[in-house]
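**Student:** Chain residues, written in single-letter form:
2 protein chains.
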Amino acid sequence: MVSRADDDNGRGREINRREFLHGAMAGAAVFALRERPAGSVVVPVQGDAVTAQIAAQHDATVKMLQDWIAFPSIAAENRGYPQGAEYMAGLATAAGFQHVEIVPTKGKPGVFATLDSGAATSLALYFMYDVKQFDPAEWSSPPLEARLVDRPGLGKVIVGRGATNTKGPQVACLAALHAFKAAGRKLPVNLVLVAEGEEEIGSPNFSQLVLKPEVEAALRKCVGIIIPLGNQDPDGSVQVNLGAKGIVELELVSTGEMWGRGPKLDVHSSLEAQLDSPVWHLVQALNTLVGPDGHTPAVAGFFDRVRPLSEAHKAILEAAIPRRNEAATKKSLGVERWFKDESWHDSLVRLVSQPTINIEGLVAGYTGPGGKTILPHRAVAKIDMRLVPDMTALGTLDLLKAHLARHGFGDIEVNMTGGYDPTETSPDSRLVQAQLAAYRAAGLDPVLWPRLAGSWPGVTFTGAPLRMAAGQYGLRHGGGAHAPDEYFVIESANPKVAGMDGAVRSYVEFFRAIA
Amino acid sequence: MVSRADDDNGRGREINRREFLHGAMAGAAVFALRERPAGSVVVPVQGDAVTAQIAAQHDATVKMLQDWIAFPSIAAENRGYPQGAEYMAGLATAAGFQHVEIVPTKGKPGVFATLDSGAATSLALYFMYDVKQFDPAEWSSPPLEARLVDRPGLGKVIVGRGATNTKGPQVACLAALHAFKAAGRKLPVNLVLVAEGEEEIGSPNFSQLVLKPEVEAALRKCVGIIIPLGNQDPDGSVQVNLGAKGIVELELVSTGEMWGRGPKLDVHSSLEAQLDSPVWHLVQALNTLVGPDGHTPAVAGFFDRVRPLSEAHKAILEAAIPRRNEAATKKSLGVERWFKDESWHDSLVRLVSQPTINIEGLVAGYTGPGGKTILPHRAVAKIDMRLVPDMTALGTLDLLKAHLARHGFGDIEVNMTGGYDPTETSPDSRLVQAQLAAYRAAGLDPVLWPRLAGSWPGVTFTGAPLRMAAGQYGLRHGGGAHAPDEYFVIESANPKVAGMDGAVRSYVEFFRAIA
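These protein sequences, in sequence, are chains G and S. Numbering follows our numbering, in which position 148 of the first sequence is assigned residue number 148; successive positions increment by one, without gaps. Numbering follows our numbering, in which position 291 of the second sequence is assigned residue number 291; successive positions increment by one, without gaps.
Isolated chain G (complex conformation):
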């Protein structure tokens, strides 16, 4: 199976907006662990110098994370630039990268680094050195202090902005390099690192880094690229995804101004008697987007390019479904019924195979407590459309626009705020096989899953011109990305869930597995 999304002539990269990576993991949900003999992911393999070094450097690894958290780069606030790139470069140098280069872009600088260990195999890493904005008032401990805190049921965690998204996983990956170095062992792979500082504002300039000739050339030598961002479910289970849905995020904006009807400013609601309402207009437009079931996309042509699951994907899915725990998933989501009262099996097939139109948010007029008697001049719906192969982001956007125009809503602005095509990586790729092997080496039984229902801009790598294998990888458990009290588990209360040392070891295992 080749990677897809190569039919957009590179446009995908131009419209890339990296979806919140933590969110992309939500599709993993909750798995039932197979019964397994004694053993735990945090017990080091006896007699391995590199693994022993992980425990020896534990405090230094934790401090590396704490120091980095204390030093935020936030593109939306223009905070911590270019120092964030310099810090990232310093971390790469300290981890053993021989060539480390800060690469200017039209926005914030990126970092390109290579580590040549003389190995036969090269692997690429994608890092982000920026973090999401935060409001310290909402945190139970200061977001830049990265305090070690006991969390019932989880263990000892670091609480801080970027702890899990994604400085914690990145530090675990870097600490693996430190462990090889300190143990005097040769790294079994060469590495190519591409890091950006604008992930949280949608990676608007990342392709300038990736397509720089020497960077592209270095990436082309790699067997694939990973984002250090695997995540264990609370029961310890892990998933290897063979791809992800694409996404279009957009706003539908109905205004009196564009419509030429209704008011151009908020007016007293009594006047609705003689005026059209841009809010009712939006409600009517939205109502045309899904069918009578309030769910199935009704945009003409929406399903035309939906490629049914391949036999290979079907087999992978059927093997995985019995391992997923319906009751636990329902409980964690606060859900009683699946759409159409479908069975767990059928709802999972739908989750993997079907595109969607979702309303992320609605906002018009007065939204505070009680009421306020206005006729709003403007109403906005925030929409995301999830795409499966062979849908494309821009093609689906065009279908939506044509649909609105055809139904008399051509005045409604369609503002795409982000999106990218679906992505696929072959189960037979070395990247996927190495992920499976590394997880197994940690005593886990990973679930192979045909397609993440969430999205990530893997098409930057899997699409033209690079056509690399790409995936998320790594043991760890964290939470609260983009939210207050973001955390990363350092010492896990659950032996099935990795703490920091287990996370570091997962990268050691992966480097070995892919070599």
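Fair warning: there could be bad hints in the mix.
The list treats identical chains as interchangeable, and a pair is accepted whether it falls inside one copy or across any two copies.
Unchecked claim - In silico PhoX-like pairs for lysine-lysine, Cα to Cα no more than 20 angstroms straight-line:
#	residue 1	residue 2
1	K264	K331
2	K330	K340
3	K264	K132
4	K264	K314
5	K330	K63
6	K331	K221
7	K264	K330
8	K264	K340
9	K63	K156
Just so you know, the hints here were simulated from the structure itself, not pulled from any lab data.
Place chain S on chain G using the hints.
**Tutor:** Quick look at chain S alone, frame taken from chain G:
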């Protein structure tokens, strides 16, 4: 014509929620002034001792307003109680009321006062001594300092919380009493004052004051009641309303919890593939509330109790319509077309005679900049329904609930946040005739208007058991009620618009006219 809204057995009072009074005025819109000879509303009539006194006490009147603004009572913040009632009582005493009584209620105290001047006629006044909350950071001058500020096009204004809503108009009314007293002239009417301190939270306890036996008895002796709250349009025109639409304000709340479908918390939007969405559910429910024109209420039975305009009302309306300025109204509202592309005439008939269902606000999920990939578990629409006689607030609410249940949306919560029945006062009442006469005495040519499209809880007075005539009265221009930089014009740049002295004089004229 008798007052209406007497068919609810007093329930109207229990559900009263005084709609923002400033908003209720918006229906007045913009009038074309008739051509008139020289003269201005701020030029005192020669030789009148009371009128002369208004100018003499100008500074004291302004100071009375400034002092009161400095002393806010805000029920939502439990700020300024019981001191606000004591202050109100002090103002009444200073203005000459002989009996002044603070009346406890289950909430904040009210004030009941009577001024017996031995006149043949008694008039009632409704005051509120509370004001809306404010955030000083949003103001260009401190909201409690009541500074005198030059406003281009308006003149010298006082900027402060309560300046126009409604301490300014109340001070103008009280200053008229001071002017009579200082000029040694007998007040031509006896007065009954009922004042509350919870207007801004919906007057939940006002009926306890009004229906106290001695208060009710005093009110029954009055020819009617006015709220000092007339407002001049920027071109100086004024309107006398014979009633107002009723209103129901409510929230429609769609949640996974109540629906038993979709999530009970916000979940990752990728899961929309297998889950129902409470937001789509609300969109579908809303879509049933109006017809295909996106405007006409489609709730079964909604129009059953709509009483057509009487011949008398039609005649009043037809006389008034030619005086209204379509171009100026369109400009002030930012409107190009009326509903259905109707003529100005037809849209005004609709404004006066038709009930509405308006969406004041919509809120669900993520409403900030850009997007956030969630499937919200909750969506809220804020609705107001405007009612014409003989619709009732509670009856219309019941129709809406039945409609939702019949269309499969019985799970959607309907939370009424306020409302009251329509109100009507006869054009032949002394109250209305006195308003017209007083405005004419000020050199204006008031427009008689059958029904305000906005709403106010006049039914407290016009309904059972009091069945009084009730109306808004007074010259002045102000703005920014409930908003930052609320203002009241003290010295008007436009000779057709009253400043503070013109406002005071309008009450002098009214007391004389109604006597």
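**Student:** Against each hint, give a clear statement of whether it holds in the structure.
**Tutor:** Verification of the hints:
1. K264 - K331: between (45 angstroms within a copy, 10 angstroms between copies)
2. K330 - K340: within (15 angstroms within a copy, 48 angstroms between copies)
3. K264 - K132: neither (35 angstroms within a copy, 26 angstroms between copies)
4. K264 - K314: neither (52 angstroms within a copy, 30 angstroms between copies)
5. K330 - K63: The answer is neither: 38 angstroms in one copy and 65 angstroms across copies each exceed 20 angstroms.
6. K331 - K221: neither (45 angstroms within a copy, 65 angstroms between copies)
7. K264 - K330: between (45 angstroms within a copy, 10 angstroms between copies)
8. K264 - K340: This pair counts as between: shortest inter-copy Cα distance 17 angstroms, intra-copy 41 angstroms.
9. K63 - K156: Within. Shortest intra-copy distance 14 angstroms satisfies the 20 angstroms Cα cut-off; inter-copy 63 angstroms does not.
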